[in-house]
Amino acid sequence: MTEVPDLDLVALCQAGDRTAFRKLVQRYERKVYSIAYGFVRNREDALDLTQDAFVKVYRNLDGFQATSSFYTWMYRVVVNVCIDFIRRERKHKKGVDYNDTLEHSGAAESESPVVSVSTGRSPAKALGSKELGQKLVDGINNLAPAHKEILLLREVEGLSYEELAEILEIPKGTVMSRLHHARLNLKKRLDDYLDE
17 MTEVPDLDLV ALCQAGDRTA FRKLVQRYER KVYSIAYGFV RNREDALDLT
67 QDAFVKVYRN LDGFQATSSF YTWMYRVVVN VCIDFIRRER KHKKGVDYND
117 TLEHSGAAES ESPVVSVSTG RSPAKALGSK ELGQKLVDGI NNLAPAHKEI
167 LLLREVEGLS YEELAEILEI PKGTVMSRLH HARLNLKKRL DDYLDE
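If you're matching positions, the sequence shown starts at 17 in my numbering and goes up one per residue.
Hints are not guaranteed to be accurate.
Stated by the list, open to error - Capping the alpha-carbon separation at 25 Å, the derived lysine-lysine pairs in BS3-like fashion look like this: (1) Lys151 - Lys188; (2) Lys151 - Lys107; (3) Lys203 - Lys188.
Unchecked claim - Label pairs and their computed distance ranges (CB to CB): (4) Leu200 - Ala82: 36 to 44 Å; (5) Tyr177 - Asn96: 38 to 46 Å; (6) Val20 - Glu147: 29 to 37 Å; (7) Ala82 - Arg106: 31 to 39 Å; (8) Ala162 - Gly32: 31 to 39 Å; (9) Asp154 - Leu63: 30 to 38 Å.
By construction, these hints were calculated from the structure, which means they are not laboratory data.
Ideal placement from N, C-alpha and C gives every residue a C-beta, glycine not left out.
The task is simple: from the sequences and hints, build the whole structure.
In structure tokens, the structure reads:
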């Protein structure tokens with residue numbers, strides 16, 4: 017059976033077909049959750065953000081114009097929902113603490129893309145790897161929002177420069193420059209640890 021293209025499903029949604037929207041949700045719910053989890057590193061918050069993002073997508077479908085792909089447009093909505101959440105959290109507690117969210121979610125060693133401990137290592141090497149992972153998470157957490165966003169989208173989500181330019185609505189050169197500065201800032205934050 018042939019898969020109905022996104023734009024056809026969007027047109028059906030815009031005409032009031034809720035089943036078409038359900039199909040879009042089923043098609044993208046894992047990706048949306050993955051994006052949200054990449055930002056907040058907490059299962060419950062990621063699930064809430066996934067739901068919030070789809071609600072926002074549904075409410076704004078009439079404003080979608082096929083100048084870009086549906087996925088690109090939706091991705092931008094998801095990223096904005098995540099950034100808004102992080103800003104609200106920072107107002108409540110002067111910065112989202114990635115270490116706390118990793119510990120509370122139980123993801124500190126198993127699910128985090130930046131923190132993993134190999135079972136084949138000596139305890140000293142495993143501890144060093146875990147410490148480095150925590151320093152890396154802290155470093156990412158303390159980046160400026162624009163740098164954190166572009167670094168996560170490129171390194172965790174694996175988006176190309178072109179996709180980043182389209183999603184972030186900035187020129188490709190700005191993507192490259194912002195990514196370069198994000199990496200430099202992260203490196204500066206890790207230099208003390210790496211020099212030890």
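Verification of the supplied hints:
1. Lys151 - Lys188: Violated: Lys151 and Lys188 sit about 30 Å apart, past 25 Å.
2. Lys151 - Lys107: Measuring from Cα to Cα gives roughly 23 Å; hence the hint holds.
3. Lys203 - Lys188: It holds: about 22 Å lies between the C-alpha atoms, which stays within 25 Å.
4. Leu200 - Ala82: 36 to 44 Å: 37 Å, holds
5. Tyr177 - Asn96: 38 to 46 Å: 20 Å, violated
6. Val20 - Glu147: 29 to 37 Å: With Cβ atoms ~49 Å apart, the hint is violated.
7. Ala82 - Arg106: 31 to 39 Å: At 35 Å between Cβs, range holds.
8. Ala162 - Gly32: 31 to 39 Å: 37 Å, holds
9. Asp154 - Leu63: 30 to 38 Å: Roughly 24 Å apart at Cβ, these two residues miss the hinted range, so it is violated.
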